[in-house]
Structure formats: C-alpha cells, structure tokens
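Asks: Chain by chain, the residues run as shown.
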Amino acid sequence: MGLKTYIAKRLVNMAVLLFFVLTINFVIFMLMPGDPTLLFVNPMKFAPEEIEAMKKAWGLADPLHVRYIKYIKNMLTMNFGDSIITGRPVAEAIMQKLPYTVFLIGGSTIISMIIGILLGVISAYKRGTRFDDANVTIALIFYSLPTFWMGMVFLMIFSKMLGWFPLAGAFPREWLAYPPKPAFTVNLFGIEIAVPTLYEIYHRLRHTFLPLATLVLFQYGGWLLLTRATMLETLTEDYILTAKAKGLKERTILFKHALKNASLPLITSAALSFGFMLTGAIITETVYTWPGLGGWIWESISSRDYPALQAIFYIIAVCVIVANFIADLIYGFIDPRIKYE
Amino acid sequence: MALTYKAKLKFSVKKTFELIRAIIKNKKGAFGLAIIIVFVIFALFPQLFTHYHPTGQRELAGSMAAPSWMRYLPGGEGLSENIFVIRDPGFKNPESIYQFNISMTDPESVHIEYIPSFGYPHIYGRGPGCMAVTYKREDARPKGNVTVEISKSFYYEFQGPPSKFSGDVAIFVEGTVREIEGKRLLDVPVQIKVYIKNQEGKKFCLWTPSTKLIDTPFNDWRITRSSPSSRTSEMSSWSTSLKLRMYGYVIDPNTGQKTPYWFLFAVSPERDIFGNKTGIMSYGIEISFIDQCPAENVKTTVYIDSLYFRTYGTAWGLLGTDKEGRDLFSQLIYGTRISLYVGLLAAIIGVILGLIVGLAAGYLGKLVDEFLMRFTDMLLVIPGLPLLIVLVAVLGATIHNLIILLGFLGWMSFARVVRSQVLSLRERPFIEAARAAGAGTFYILRRHILPNLMGLVYVTLAQSVPGLIVTEASLSWLGFYDPSVMSWGRMLYSVQFEAGGAFDKWWWVLAPGSCIALLAVAFIMIGFAMDEILNPKLRERV
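Going down the list, the sequences are from chains E and Z.
Residues in the first sequence are numbered consecutively from 1, following our numbering.
Residues in the second sequence are numbered consecutively from 1, following our numbering.
None of these hints come from the bench; they were simulated from the model.
What you are looking at is a predicted structure, and each value in this text was computed from that prediction instead of being measured.
Worth double-checking, as some hints may not be accurate.
[Stated by the list, open to error] In silico DMTMM-like links for lysine to aspartate or glutamate, alpha-carbon gap of 25 angstroms or less:
(1) E:LYS9 x Z:ASP504
(2) Z:LYS28 x E:GLU299
(3) Z:LYS25 x E:ASP132
(4) Z:LYS323 x E:GLU299
(5) E:LYS160 x Z:ASP504
[What the hints assert, rightly or not] Which bits of chain Z does chain E cover? Going by a derived footprint, with three or more residues having C-beta under 8 angstroms, they are:
(6) 195 to 203
(7) 466 to 475
Beta carbons are placed, not taken as given, at the ideal position from N, Cα and C, and that holds for glycine.
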C-alpha cells in the first residue's frame, strides 16, 4: 500500500465519519420533544391553518427523507440558517467566534505540549526520585481538577482578590462600542493586515492570560504522563545503552535519541485528545465568558437557540475529524511502517 | 473440577480480601481507599453530619450567609447569627407569658392571663394557648387612654446588623359592643403597635393594623403575615424581604419626637435598626385601650398568639448558606451521594458495554470485528462533551439520564483495550485446548477469557470514575443538573450563575471543588494501586 492509497483510505474514512456525525446531529434534533415551530410562532396568535401553511413554507411538512437530504445539503454548504435569538446567520457568528477558540486552543496546546514534554522527559530521566514523584503528583492533581473550578478559583484569587486580571471577556467591554484603532495597516499581497497598537496587545494579553493558563494547566498533565510513560519504555532500549556507552551527553541522548522515538504515540494522542481539548475549551470559555464557540454553546443552550446549537456541534465535530485526518497524514509521513500495513 | 457454589463464593471473597489487603499495603492505594471510605460514609449516613435538608429548607439564615467560624477571623466582626427572640411563640406553655416585661399605665383595670383553650391555629401558634390582655371597667367613669406594653428584651451580641428580620403577631379582639348606625362597635376600641427598640432606645414602630383603630370585634384571628389558611384575613406583612408593605415611625428616646420611617423607601431597615453596636434591644407590642365610653361594665380583650420575631444572621453553620438561605454544608454532604452514584454506575455501565463489544469484536473476529471497531472509532472521534450537552439538553437532565448517557458514551476506549487483550488471549494454547475439548464459544468466553480480563476490568472501573465525576460536575455546573437533587457541580453553578459570581465567598467556591478533586484523585490513586498489583509487569518499571 503506497502513500496515495493510504491517503485515499483516510479520506474515505473521513467522509464516512462526517456522514455519521451529520446523521447523529439530525437524529438528535429530530428526537427533541416539542414542535420546533413553536419556537418561532406563538400558537395563540395564529390560526392552526396559518401554522400549517408556515410549516409547509419552512419545509417542516415534508417527509423525513426529503428533510434529511435538504439538511445534509445545507450543512455541507455551511447554510446553517439564522439564529433564533439574534436573527443573523449562524455561519456569520461562527466565523466571528472561531478565531477566538482556535487561538485559545492552539496557544494552550503549544504551551502545554512544550511544558508537558519537557517535564515528562526530565521526570522519566529522574524516575523514582522525589522530583519525579512531585512532578507526577502535581500533574495528576491538575489533570483531575475540574477545569471550570480551576477557572473559578483563578478568577477568585487573581481577579477578585488581587485584581490583576479582568473578570470576563477577551477584551475590555468598551471596545464593543469603540474598537481600538490599529497602529498602521500593511498591505501584503493585496490583503490588508491591521497591526495592533501596543496598548491593544497589552489589553488582549491581560484578558487572555487566565483562560490560557487554565487550559495549559488542564492539558500539560496529560502530556507529562504520556511522555514519561513512553520515555520510560524507550530508555530501556538497547540503543540508548549504546549511546551511553559511546559517551554521548545525557541531553543529547534524552532529546535526540530517546524523545524522537518516543514521540510517535504523542502524535496519535495529540489528534485523539483534540476532542478532550475542546471539552476543556468549552468549559474554560464559559467560565471566562470568552467570545468563542464554547462560550456560545452555553449561551445558545440557555436561550434554546437550536439552529446555533446544531451548527456549533457540527463545526466542532468537523474540526475534530479534520484534526484526526491531519494526524493520520503526519503519522503516515513520519512512520514509514504505517503505509505498508 | 466442579466447585460448589459455596466454595466459589468463599474463593471470590478470599480473592477480594486479598486485593483489598494489597491495596492497603500500597501507599497510594491506602490513601485513595481512606478518602473513598470517608466519602462513602458521607453518602450513606448524611444524617450523622447534618440535620438540614440540602434543598428543602430555605431561609435557615440570611441569603448567602458566611460560615459561623468567619466571625472569629479578622474581618468577620460584623457578622451576626440568627436570633429567635421569643421563646415559645405559640404560647403552648403557661409559663411563657412570664418572659415578657409588662408595663401599664393603669394596673387596676388591666388584667393579663394565659388562656389554655384558645389560640391561633396556624404557623407558630398552631393550636390552643394564647395570651389575653383584658381591659375591664365597672363604674361609669371613662379612663381615657390606658396603655399596656408587653415586651421582651434581648441582648444583641453582634457588631453588625442581621441580613434581615421577620416576625408575626396574631391578634383577636373581642369585647362588649354597642350598636351605632347598624354597626356593632366596641365600647372600648384598641390601638395596637408592634415595635422594636434598638440599643440606643429608638423605637421603630414595625406594624400597626391598616385601620389604625380597631373598633369592631373580630370574628377570626388576624395575623401580620400571610398564613397558609385563607380563613384568616391578612392585615399586613412585615418581613424585611417584603419592604413594600412596611411602614411606621421612629420615636426618639430623648425628645419623644416622632419621625416617620418608611420602610418602603429604606434601603436596609435592618442596618438602620440594628446598626453596628451590641446592646440590649427589645421587641414588643403596645396596646392602647381608648376608653371614652360613658357606659358601665365595659370590657375589651385582646388575645395575642404567634408572637414571633427572628433575625436572619449573616453567619450560619459550617459553610454558610446559599442564595435562598439553604445550608451549604448539608448540600456538600448530600452532594457526595450524587457524585459517587453517577460516577460508579456510569463507570459500571461503560465497563460492561466495553467488555461486551470488546469480547465480541476480539473473539468473533472478521466482519463483526470490522463493524464494531469502525463504529467504536466513529464514536471515539465525536467530541464527547458537546454531544453530551446536546443530548442532555434534548432529553432532559435527570440523574438517570445523566448516568445512562455517561455510560453509553464512555465505553469506547475500554472496548479497544479488551479487544486487543482478547486477540492475544485467544491464540494461547489453553484456549485451543478448551476448543479441542469441545467447549462452546460462550463457555470459553465466560470461563477462560473473562477471568483473565478481570484485573483490567477493576483497574478500568477505578480509572474511569474520576473522569465521570468531573464530567457530571461540569454538566451540572453548565446548568444541566437534576433539579430534584443537589450536587457539587450544582453548588458551583449557583455560585457562578445564581449568586452572580460571588467569588468573594471563597468557602462556597472552594469546598465543593475540593471535594470533587479529592474524590477524583482518590479514585486515580486506587486505579494506580490496582494497576501495580494486578499488572505485575509495571512493578519493576516504576
């Protein structure tokens, strides 16, 4: 099996998954008790015939399979309809909120990977010592703490008591009305890029710090434990002994010889844990009222905004599926054995 | 070898004891087990630790009261606790009337006694027993105004006002009447005021009946507060939580000057009345008989029952109260149940499902394996929490829905592990031997493969509980809690969303969260210990 067949197989897999998610999303909202029309229409104000006519106009009177096909088409073309609450297209809101979530998840993943892998390697190297014990215990505690509670405690200590960080949001509230002016704009290949002022960067960082720190603490334990486990296995291999016998520096052995080989499971777990990270992000965004997708889930549930909810779930699932696909690809490139499976 | 049922049971009990002993010997295991045992005791016998119902008993103290021990910490000097001023407010006991200080302008004509057979039937009065104040005159010389003051003094020992206060008084007026213009009017009308005198001697009139002069006899009890029965007419209500209905005036002790005090506009009457000083206060009822009747043998009796006054403290119990004045400590204790119940049951469901799928996929192989594993992979990829949120939002957040959903979404990774174990087990010679001896598929699965997986099952059970506990808490915190029970997650929900981010109430934030974390860590520790005991390979490595 060559690389091309491998990719093709993964692509088919991804399509099947997407279809599966779409179906689940459809079925869940079909099962929902109550008539969806009642979300829009006050039955006291309209005659039953009028409501029937509206149902027909919205396509709710169609047979199930017609609605299903229509739904699939709409989802694939990103036509999510309008939010019940704001009345604006859901897709527009998603485009507005997605960058915030991507930034939070991306930033925290990179930072936590660096911290977790570094500490994991050191922990494996010093296995059995007090440092190792303390490291593992602290990681375990942060790993098992409820994320939302960690966020609440941080808010309590750093925002309420010490006043170092703001209580909510991704930027000062007045920016909603008066967005800050960029320092200057650069025209790069026809795309206008606004460069923010130092003032704006400072405020954004101040707002980002706590959510980012919460997510990093939530994630780094997993990386640490995994790195430590795989490193422990790798460090018992013969070639490490050889490297030691050659008189190589410990650091070279650890990071160049051992970590490289121990990194394969890390990549798989990176992809598999994407859903896990999203879980953390949803909760963290809700605690800090971060204007991302996760915070939006909570808002749309509490306001019963089902079109938005359906779209968010779909988008999140698509993100996870794509992340998995990318991880598979990387895996295919890094580990040549995979292709000939 | 055929074992009897008894021998089998003995064997499994012995095995279990061995496992527990091994866990206790392991440092991590002993730590985890100790914590879990404490929580199990909380869950099984919550009544041992608290007398209050976690959700049923409202207004135990003021809204969002601090814990009592905060009073002894710096910054907690201004906190106050509940005071129930009147002992036996229902006058069940004849001695109860001696707790009051009684002063009157004309002792000869006024008589105060205990009536055992008559009383306000509701609230604190509940049943017979009341106090009667009778004004009686035989000659034909009207005495003008005769005032009786019945008051109870109490020492207010706190340097801060209560969160709020409330009280009642039920009265019944009867007496000799005469008919004027078709109306039956009392010979001696009365005026009744309920007041509180603060440490400085300022008298706050809390309540007078809406018609200031009572000139007709009552045909039923009247109470100051709405009563459960509609038979009694409500006159006026004066809990400070209902500031709208309160009115009165303040009498200065030195000048005797009256100034109107409109509770309606007062921002916090409890602050005005109680202030920040300790001292003797009194709560009382002032009855004025206005005798201008020229007739002989006139008599008016005022029956008093359900004379009740309490303050709602700003400090309460071990952990204070929530927004509705419910005891947080008992919520914490009862919350253990929910976490353990959901965590354990969902883990068991998940493990059983994983076991079934893994066994089927691993042992039956081929098409079944392919199908089941594709399905497992698909479910693994779908983000768990968003799916859970959507499902709970649609199906409703009852505790059993939560358990079932958590169980049904938590079997996938275990199924994969079981499958890989079964794949390696089925190639072992002893399985082949059993098959050669003519054993059926189910027999082999049950007698040869399953026992070899039990170690894995125990470890997975212990390791999946913490995640489930945290997920349950997260869902509750997001607002998907079962409204009939109080869980730790719901407690945190109420801090953040109901109490408007009351992060200054750090005990309320810290207590449930640390319980969640502690229980989760305990299960992780047990999982580690079991892993070390049941998978001896690990022992030399770590």
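Asks: Kindly indicate which numbered hints from before are broken by the structure, ordering the numbers from low to high.
Replies: Structure breaks hints 1, 2 and 6.
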